[in-house]
Structures are given as structure tokens and as C-alpha cells.
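The lines below spell out each chain.
There are 4 protein chains.
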Amino acid sequence: MSNGPFLIAGELTSGGHRLVQRVYYEDTDFSGLVYHARYLHFLERGRTDYLRCLGVGQHELLHADEEGLVFVVHRMEIDFKGPARMDDVLTIQTVTEKAGGAKMVLTQEIRRGDALLIAAKVIVAVINKHGRPRRLPEELAQQLLAASVAPEKAAENPLAKT
Amino acid sequence: MSNGPFLIAGELTSGGHRLVQRVYYEDTDFSGLVYHARYLHFLERGRTDYLRCLGVGQHELLHADEEGLVFVVHRMEIDFKGPARMDDVLTIQTVTEKAGGAKMVLTQEIRRGDALLIAAKVIVAVINKHGRPRRLPEELAQQLLAASVAPEKAAENPLAKT
Amino acid sequence: MSNGPFLIAGELTSGGHRLVQRVYYEDTDFSGLVYHARYLHFLERGRTDYLRCLGVGQHELLHADEEGLVFVVHRMEIDFKGPARMDDVLTIQTVTEKAGGAKMVLTQEIRRGDALLIAAKVIVAVINKHGRPRRLPEELAQQLLAASVAPEKAAENPLAKT
Amino acid sequence: MSNGPFLIAGELTSGGHRLVQRVYYEDTDFSGLVYHARYLHFLERGRTDYLRCLGVGQHELLHADEEGLVFVVHRMEIDFKGPARMDDVLTIQTVTEKAGGAKMVLTQEIRRGDALLIAAKVIVAVINKHGRPRRLPEELAQQLLAASVAPEKAAENPLAKT
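Protein chains in written order, with this note's numbering: chain A, 1 to 162; chain B, 1 to 162; chain C, 1 to 162; chain D, 1 to 162.
Each statement offered as a hint is correct.
Just so you know, same-sequence chains aren't split out, so a pair can sit in one copy or run between any two.
With a straight-line cut-off of 25 Å between C-alpha atoms, the simulated BS3-like cross-links for lysine-lysine are:
hint, residue 1, residue 2
1, Lys129, Lys81
2, Lys129, Lys98
3, Lys129, Lys103
4, Lys103, Lys121
FYI, nobody ran anything at the bench for these hints, they're computed from the structure.
Given these sequences and hints, build the entire structure.
Listed below in C-alpha cells is the structure:
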């Protein structure tokens, strides 16, 4: 898969969202492998494009009401299971585990082909523009969770979790 | 153009090569705009994928003969003509101006739609694995220059320079 | 503390190691705060300088015997407790919790003055140059753990844990 | 010079400003050398700390009057003369060549010991918060240029240009 066509913002899956990205020089360090903190960039691109594919603009949320709504990473647990290298094509898979109250829990994986390189659990806090916790709107919570249960799409999508 | 299909390594044009990339959080700074050094990352991705589309692997070049062949940036002149912002979709255009002896001269542009944001002239030196200048192989020089003159492709490619 | 004198590689403490670093433009994103993955850079600078202050060169370890010795991050748990901003001066504190067998467990904190911004648990695997687990040399394990118990230095160091 | 004491924001010199910084993992790429765009980060840290040492806060300038004052990089010419490597300690030297009207011209160098690695000319535009050019305040222009001519300090500073 050196140059297939794909969607720039990735695509919704029955399991959440999937994004394809390339490893470039900038992602590597002198060990010859990808610098560990760069995997967090790939994970963040996945989360941003997941919301984009759901039609959720982060700018719009900030100005949706007087309070504003902002997502911030509250906690991450990351297992580094195998290294990525220059020129690799990676798939970033994001799945919503919980969405409600003032937080979202996502599981994210980075794979090269079938090989699992990174497994992460990400707790995202929902705050207002003054930094105080606020509730995730019910509609958005439903939208995120709905993306986790679409069995008819799962059949056609070999990467999706069922 | 928020999520069209495209080629992950970009494509050869009559003018050289064209790559489409997204601006993410990681690319911005607290001014609200893209951090100036990040444009060099986008330009480097363009150069790497240009060689990839020509079938030139940088690993293979390093081991092509006993001397090895490595490309290093020798000089850059960069005009910052306008800012990119979060979520922008950028097109990186690379054109070979000269290729021969121990160097290549490339011109590169970054555009958002029609708007020119970055114009750069990049001088790339050709060295061996011991850091000494060496000649660019004639075949590769021809391949790079040939990509600059393909009028029949230019017609179907509105972004290409003729 | 905008421009006090300090040691470029930080200093050993009774609790491990302490490094002072500045937040620059490159560390921030358009939210106005430090980009979340950048905290991992600060933590890694702390770990690298901790080994440097112990006289352990990572290049030397790689060539210490036929097998070679390399440290890789195996798992991280990171709590993002408060945001850092442009121009902040941060203190990165590293403490060895365990060192032995084929791994090290470190706790790391990033503070701005007294405010705790980041708390992390980092599991570092010890591998050889072929990527296989190998034992941490007993001498280095002792050196890392010894740095955790030096009460007489703790007295003169207000930031150190006792 | 693996761990000498130094000033976190660097220091004013007769030639402008000097800052000492370490190369970490994050700065390198799989070639084993520093990634070319990272040198722009070191240069930017130098410019930021130069203004800091002159007592000029970029936040304060933004709110100094109704118009606001912002510095943006307009053009850079960079010669990459030699590579930096992991663990190197680098000195970033910044000198004001011109300051007046709506721009500043700076020359910047990065050295490892006596070896010149990077030579850059940086044109910085002065704009207001709406992105329009505005004049650099006369007082600040004088302050920047005054830093370029202080022969009595030059004597005690072996790195300064006279």
C-alpha cells in the first residue's frame, strides 16, 4: 500500500473511525524508529478527524452557547507494543467506549497492516471556555455511541470491531 | 475539500509533484496560526513523496553502490506570504529547476486553494555516506528533469505549471 | 524565575533528578496552551539528563558488550492535571521506583512553581540491539536506586522527596 | 561543556544575544543527525529570549495600544553548513542588522563550540493585530540597535562580534 487512494479525513466505521497516515522523516529519531511522543500526534489526528467525520467542528462547539465547549485530554494510558519506521503507512483506529457526563473514554490503536504497534486508552474531559467541567450535549454523546453499533457496516469493514 | 479521496503519496505533475496534506493541532502555535517551522515539514513530505512517486527509495540509494548516496538540504530561501490555520487542507507543489553535478535545485509552494502561502527555493546537496559531495547519477537527473516537461499531462492538471 | 542561572543537564536529587526547561512557541498550539504530546518531550529530556548526570551515555551502553543495551518506553500512564503556557518555566522531576530484571519503573512530574501540571508513570524496557529483552546491569540498577536514597542531600534540596 | 551553569534565557552580548541549548532525541531523525526544520526552533528560541532579555514581552506588545503589535517571520535564508547530533550543546547567536519602519533584519548563527553549523538571515515583519503592517516603536528600534554596539561588554565576551 504505497500510494492507494484514500479519504483525507478518514472514515467512520462500525467501531468508530479509521484514518490512514504516512510516517515521514520528522516522525523518526536517531534510533531509526518513530520517536515515542509522535504516536500521540497520530492518535490526536485520529480523534480530530473522527469528530470532523461526525460533522462536529471544534470551533463551532466553542461558540455553540455562552459557556462554550472544549475537549482536553485528561489521562492517557499507552502501551508501545512495536516500533514504526520511516515510510510506514499506519492505520489509526478510534472507538468510543463511553460518552456522557463531563467525559469521553476512547480506545485507540495504531497498526501497520495487521501488526498492532500502539494501544491507548484516552480519557477526554469536557470543559467550558473558563476551564470548568460541563456536560457533553446528549445529542453528541448519542452520535459518538451510535457510531459504535452499526453491524451492517461492520460486515464490509474487516478492520472494524464487532 | 474537507474529505475528498486522494493519493497518499501525492502524484507526479507536469511541473514535478503535488501532495495534499491537512493542518492539525500539532502544526499550530498559540498565535492561532501554523508555527513557521512546520511549513518545512510539509515541504519535506512533498520532496520525500516526489522521490517515492519516481520509484526512488532513499534507503536503496544509500546502498546502491559502495559510496552510497544521500540527499541533504544545503540552503533554503523561504517567503512566508500568508498564514495557514487549523483544519486547512494544503497543497504542496514541488518542481525541479536543476538536477546535475552534486546538487538539485527545487522550487516548492504551499497553497490553500488558489492562495499562495509559502514559496521556497531549496538547494539539495548530493553526498556519499562519508559526507563528501558526489555526482547525482545521470539517470536520476534525467528522471527528475523529465518530470518537468510533460505537456499532455499539464492539460488535464489545472495546478501544473506549463 | 525568568532568567536564573541553572545547570544545563539538571542535577541529581535525593529523589532522582530535576531539570528546568522553558516553554517556547513550538510547544504551544492554537488553544493557547501547551500541546499535550509536548509534555512527553519534557519528560524524555528529564530521563536523558538523569542518565547523563549518572555518567551513563546511551551510546556507550549500546556498545558496552556484544549484545548492546537500549532503553525503550514500554508503557506510559499520564495524568494531565493542569495546563502550561507560553513562557512558563517548568521543573521536570524524575524518580526511580524500580530498577532490575529487564525493566525500570520511573515516576515523573512536571511542575510550574508548586503547581503540579503532569504526573506520569513510565515503564522503560531494557533490550539488546536485536530488540530482545536483556537484564539491566546490576551496577546501573544500584546506581539508579541509590539516587533515590540520599537523605543528607535531601536536606539541602527543598524540592526533593524524602 | 556537559553540564555547566548558565542563564535560562541566555544573555545580551555586544552583538545582540546568546543562548545555550541542548540537542535531545526529539531533535534528531533516522539519519542520525538533527532534522533540518528543528534548527528553526533553536533560532526562534533565540529570538524569543533576546526580546525577553530586553524586557520586551510579546504579550505586552500585543496589548500596548489599540492597534497591538505582533512580530511574524516574513522571509528566511538559511545555510546548513554542518550537522548537529544527539547530545550536542549548541550556542544560538542573534544580532540585529536593521530595526525600523515595519521590519527587523536579524542574522543568526548556531555553533557547536567554534564550528559554525547554521547561518541564517531572518526578516521579521511588524504587524498589528489585524495583520496590517505597522511601524516598530522608535524606542524599541533603538533598544535593539543599541545592543549591537557595546564595545566594553565585547571585551569580556569572547563570543561577541566586535
